[in-house]
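Just so we're aligned, residue 4 is where the sequence shown starts under this note's numbering, counting upward by one.
Incorrect hints may have been included.
Unchecked claim - Label pairs and their calculated CB-CB ranges:
1. ARG191 <-> ARG124: 37 to 43 Å
2. GLY25 <-> SER125: 24 to 30 Å
3. VAL183 <-> ASP34: 26 to 32 Å
4. SER152 <-> ARG26: 38 to 44 Å
5. THR235 <-> LEU136: 35 to 41 Å
These are calculated hints, taken from the structure and not from any lab test.
Where is the CB? At the ideal position from N, CA and C, for every residue including glycine.
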Amino acid sequence: MSAPGKIAIASYNIRKAIGRDGRRNPRRILDVIANLSADVVVLQEADFRFGGRRPIFDADELQSITGLRAVDVAPDVEGLGWHGNVLLLRPDAAIQSVKAVPLQGSDPRGAVVSDLDLHGRSLQLIHGHLGLLPHQRARQATLLAAEISHTPTVILGDFNAAGPRPPSLRGLSSVLNEVVHGATFPTRWPCLRFDRMFHCDGLAVSDPMVVDTPLTRVASDHLPIKATFHWT
């Protein structure tokens, strides 16, 4: 648990728990999440793409191993999240509201908008998985930006855009500050920064990192990212 006034947040595309070795190993992913020691973790590709989007993890086992609980973001949809996007919180974090947002495109995707209360501190968290095509990704990024409230906000996830300031993410980078960290994809030779974090002026950031360990190198094709945010 972070100190008062601080919150450690991580994002991780787990590729349905299929590692670089081609094996599906959910326990390996849970061990990575536990080792992140984050207050909030958002996941992408955390369900089976076909067959009703069944969850990769059992919710009780997930909480037992990681100490985090999965938020039911779309009660009418099978699975732990929305289009593979899962929100994990420490048990003492309160959910004020949560909304599943469809992101239209040739490959339908989604995002989750939540308002959190952490010991009296408010935080808006927006996370998702953007599309592969730049023009669709640009529309999706603009849609996420339209969800920003007056509450201190963090937007993060797998945005599928490389480079320092990709044009397709201008809808976010023009209104928020991007957290600077290294490449996250692919895990064998990380050279692309697909996974990103943005934050508003009401938050400061420290210790941004790509979590690069022997375990994260094999557990998925993406490396997790993590940063600590401070209310200012």
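Status of each hint after checking the structure:
Between ARG191 and ARG124, the C-beta spacing of about 39 Å keeps the proposed range 37 to 43 Å intact. GLY25 and SER125 have their C-beta atoms about 43 Å apart, which leaves the hinted 24 to 30 Å range violated. For the pair VAL183 and ASP34, the supplied restraint of 26 to 32 Å holds, since their beta-carbon distance comes to about 27 Å. Checked against the given bound of 38 to 44 Å, the beta carbons of SER152 and ARG26, roughly 41 Å apart, stay inside it.
The hinted window of 35 to 41 Å between THR235 and LEU136 holds, with their beta carbons roughly 36 Å apart.
The structure shown violates just one earlier hint, number 2.
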